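Participant: Put chain D on the given structure of chain B with help from the hints.
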Amino acid sequence: MWLFDKDLWSEIFASLGKNMFRTFLTMLGVIIAMVILVLLLGGSNGMSNGFNKIFAGTASNSLFVWSQRTSEPYKGFERGRRIQFKLEDAGILKEQIEEIEVLAPRIELGSHRGVVTVYRNGRTSGSAVYGDYPNIDDIMKKKLVEGRFLNENDMADSKKVCVIGEETYKLLFDKEENAIGKDVRINGVFFNIVGIYKPNQNINIDGENSVYIPFSTFQKAFGSGDRMGWMAISVQPDTQVTIVESKIKQLLKNKYDINPIDERAIGSFDLSEVFNNISAFTGVLKGVSFFVGILTLLAGVIAISNILLITVKERTKEIGVRRALGATPKVVKRQIVLESIMITVFAGFIGFAIAVGILAAVNGMIGEDSDIPFYNLMVSIPQFIISFVLMVGLSVLIGLIPANRAVRIKPIEALREE
Amino acid sequence: MIEIKDLHKSYKMGSNSLHVLKGINFSVEEGELVAIMGSSGSGKSTLLNILGMLDNSDSGEYILDGVPIKNLNETKAAQYRNKFLGFVFQSFNLINYKSALENVALPLYYQKVGRKERLEKSLKYLDQVGLKEWAEHLPSELSGGQKQRVAIARAMAAEPKVLLADEPTGALDSKTSYEVMDLIQKINDQGNTILIVTHEPDIADMCKRIVHLKDGVIIEDKKIKQVRAEQYV
Chain B
1 MWLFDKDLWS EIFASLGKNM FRTFLTMLGV IIAMVILVLL LGGSNGMSNG
51 FNKIFAGTAS NSLFVWSQRT SEPYKGFERG RRIQFKLEDA GILKEQIEEI
101 EVLAPRIELG SHRGVVTVYR NGRTSGSAVY GDYPNIDDIM KKKLVEGRFL
151 NENDMADSKK VCVIGEETYK LLFDKEENAI GKDVRINGVF FNIVGIYKPN
201 QNINIDGENS VYIPFSTFQK AFGSGDRMGW MAISVQPDTQ VTIVESKIKQ
251 LLKNKYDINP IDERAIGSFD LSEVFNNISA FTGVLKGVSF FVGILTLLAG
301 VIAISNILLI TVKERTKEIG VRRALGATPK VVKRQIVLES IMITVFAGFI
351 GFAIAVGILA AVNGMIGEDS DIPFYNLMVS IPQFIISFVL MVGLSVLIGL
401 IPANRAVRIK PIEALREE
Chain D
1 MIEIKDLHKS YKMGSNSLHV LKGINFSVEE GELVAIMGSS GSGKSTLLNI
51 LGMLDNSDSG EYILDGVPIK NLNETKAAQY RNKFLGFVFQ SFNLINYKSA
101 LENVALPLYY QKVGRKERLE KSLKYLDQVG LKEWAEHLPS ELSGGQKQRV
151 AIARAMAAEP KVLLADEPTG ALDSKTSYEV MDLIQKINDQ GNTILIVTHE
201 PDIADMCKRI VHLKDGVIIE DKKIKQVRAE QYV
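Protein sequences appear in the order of chains B and D. Heads up, the final residue of the first sequence is numbered 418 in full-length UniProt numbering, and it's a clean run with no missing numbers. Heads up, the final residue of the second sequence is numbered 233 in full-length UniProt numbering, and it's a clean run with no missing numbers.
Worth flagging that the hints you see were computed from the coordinates, not collected in a lab. Keep in mind that a hint or two might mislead.
[Claimed, not checked] Simulated coverage check for chain B against chain D, where a stretch passes if three residues somewhere in it have a Cβ under 8 Å from a Cβ of chain D:
no. : segment
1   : 327-341
2   : 403-415
[Claimed, not checked] With a straight-line Cα cutoff of 27 Å, these simulated BS3-like cross-link-like pairs (lysine-lysine) come out:
no. : chain 1 : residue 1 : chain 2 : residue 2
3   : B       : 313       : D       : 76
4   : D       : 132       : B       : 330
5   : D       : 83        : B       : 330
6   : D       : 83        : B       : 6
7   : D       : 76        : B       : 330
8   : D       : 76        : B       : 410
9   : B       : 94        : B       : 141
10  : D       : 132       : B       : 6
11  : B       : 86        : B       : 75
12  : B       : 333       : D       : 70
13  : D       : 112       : B       : 410
14  : B       : 317       : D       : 98
This structure is a prediction, so every number in the text was calculated from the model and none was measured. Ideal Cβ positions, reconstructed from N, Cα and C, are used throughout, including at glycine.
In isolation and in its complexed conformation, chain B is listed as follows (with noise of 0.2 Å):
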């Protein structure tokens, strides 16, 4: 097997160190070549990383549906009407759409939006108030700074208990005060306070001011029986959001008497939207670092073969003598291929080392938390391969055009006499 043949290899070194500073000068082309690609994979991985980082706990495939008033008249109802959705919605949706993987309903203290003035102990905050369902937490996870997140226990004993936001923390509390335990007032109840959330800065539903007590604690303490404000819905993977939102559309509508086209009745988010924008703008930048780094990796091959090509004419006279000792053509190409090869290949790996010393650095400085979408800039192992398979192809076709350079060399014109 010549691959492994001691001889070869010791030809094709010979040649390469006899010039190192030329060899060096032509490999700096590839090592910048691949330290750019490498890069610039990195990067767009670590974009990508990013937004998943940011967007972790976060079920991309979910949606929010909501009342609002109709705008069409129906059935005999005027136009305008104002629609409550129960409780009760929430068993029919999850029981007769089987794409609904969870249905968090809610409950908002006051109109949308509105904000309820949460005393302790003289001081206020205006926060939302939310009364929530435990499995909130599986659709858009809070991160939690101190303490945990509503439970099952909480909901079946209507516990008074509740989570607040950093921000209501800071308007209640003082600085490095604990809170969990104490107890904050709203609407005259007292809520024992089991976490602080921290909201996510770059997908931020609830607002920075909220708190959150049970769904049934909510019920009890401020009479709102059966009614439901909004809820929050994931899908089943695989299924489309939109359709999931239409069918839940049509079934309300139904139930509440809502005219068919009526658009404004039911208010509707579809969270999928942003994160499919979202990966698609890291897809497209992923591939167009992909183009430009290969593209700059061609040029840096083709810079290789290009001194190569200097080089074979300089050795016109030792390729004669090689010829008229007995080297085949055959033998001649495969020397000047494998050390197109040789060359591309070890420069490769210096860029590759010294890029990924780069995105080492970088991910440093970045640190673990930051809301910066930059986090684990690395490439990965198929984006490796396919970059060294590329690079080691693209020097063998290139090397070719040295190699057969080198077996037109007729020996009896290398060797004739100047």
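Facilitator: What follows is chain D alone, placed relative to chain B:
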């Protein structure tokens, strides 16, 4: 060993062609030491190129050790050169980044001789030309005469049927020339067939036979009494 019948060769120079070899007939027996002489333009280098399979003839027959040499492709020609022929050039043509030993080993490398055997053999031939101690030196560290001796060792290493030397003393002073000729004579004494192209009469006189070329034809082909180079060394 070598048989040539009615060999013709012409080169195209624009619209008119230059008839360089106009029907060469000669044969070389095994163990001969032949000098091919002639002024420049006589066709002696062209003849040597054809004998060395570096060039093709237009017509005529060339049989080397019973093998007809005709219509060879590059690969076949390279293999035949490697197997049948050893070359010695006027300007030595050693590979400058390889040591003397590696240069001698090169034809054996192309014969796919294993590394150990190759280096042993090469060292043996370097020893024969008296350069064993210089094995690890680069050509740039050797004198002209030493370089030519390395080149001769390289030509001999593949144990060719015929040694072809193109002006082997052309770039050397007379003392060194005689040393090289002494070496060539000794190699011939061992029974090797050698052809030397030269235009120096004193070098030709050290061969056993002189073939004189003029304007593409052999005008004289005579056996002579060899002058030993030893006495001048």
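Participant: Are the hints correct? Go through all of them and say.
Facilitator: Hints and how they fare:
Coverage of the segment 327-341 of chain B by chain D holds in this model, with 5 residues showing a Cβ closer than 8 Å to a Cβ of that chain against a need of three. Against chain D, the segment 403-415 of chain B contributes 5 residues with a C-beta closer than 8 Å to a partner C-beta. That satisfies the three-residue criterion, and the hint holds. At roughly 24 Å between alpha-carbon atoms, residue 313(B) and residue 76(D) fall within 27 Å of each other, so this suggested pair holds. With a C-alpha separation of about 33 Å, the suggested pairing of residue 132(D) with residue 330(B) is violated against the 27 Å cut-off.
Among the hinted pairs, residue 83(D) with residue 330(B) is consistent with the structure: their alpha-carbon atoms are about 17 Å apart, no more than 27 Å. Taking the CA atoms of residue 83(D) and residue 6(B), the gap is near 23 Å; set against the 27 Å cutoff, the hint holds. A threshold of 27 Å between alpha carbons decides the hint, and for residue 76(D) with residue 330(B) the separation of about 11 Å falls inside it, so the pair holds. Straight-line distance between C-alpha atoms of residue 76(D) and residue 410(B) comes to about 14 Å, which keeps the hinted pair within the 27 Å bound.
A distance of roughly 21 Å separates the Cα atoms of residue 94(B) and residue 141(B); the hinted pair therefore holds under the 27 Å criterion. For a cut-off of 27 Å, the pair hint linking residue 132(D) to residue 6(B) stands: about 24 Å separates their Cα positions. In summary, the hint linking residue 86(B) to residue 75(B) is supported, as the alpha carbons are separated by about 21 Å, within the 27 Å threshold. The straight-line distance between the Cα atoms of residue 333(B) and residue 70(D) is roughly 24 Å, inside the 27 Å bound, and the hint therefore holds.
In summary, the hint linking residue 112(D) to residue 410(B) is supported, as the alpha carbons are separated by about 22 Å, within the 27 Å threshold. Proposed proximity of residue 317(B) and residue 98(D) is supported: the alpha carbons are some 14 Å apart, at most 27 Å.
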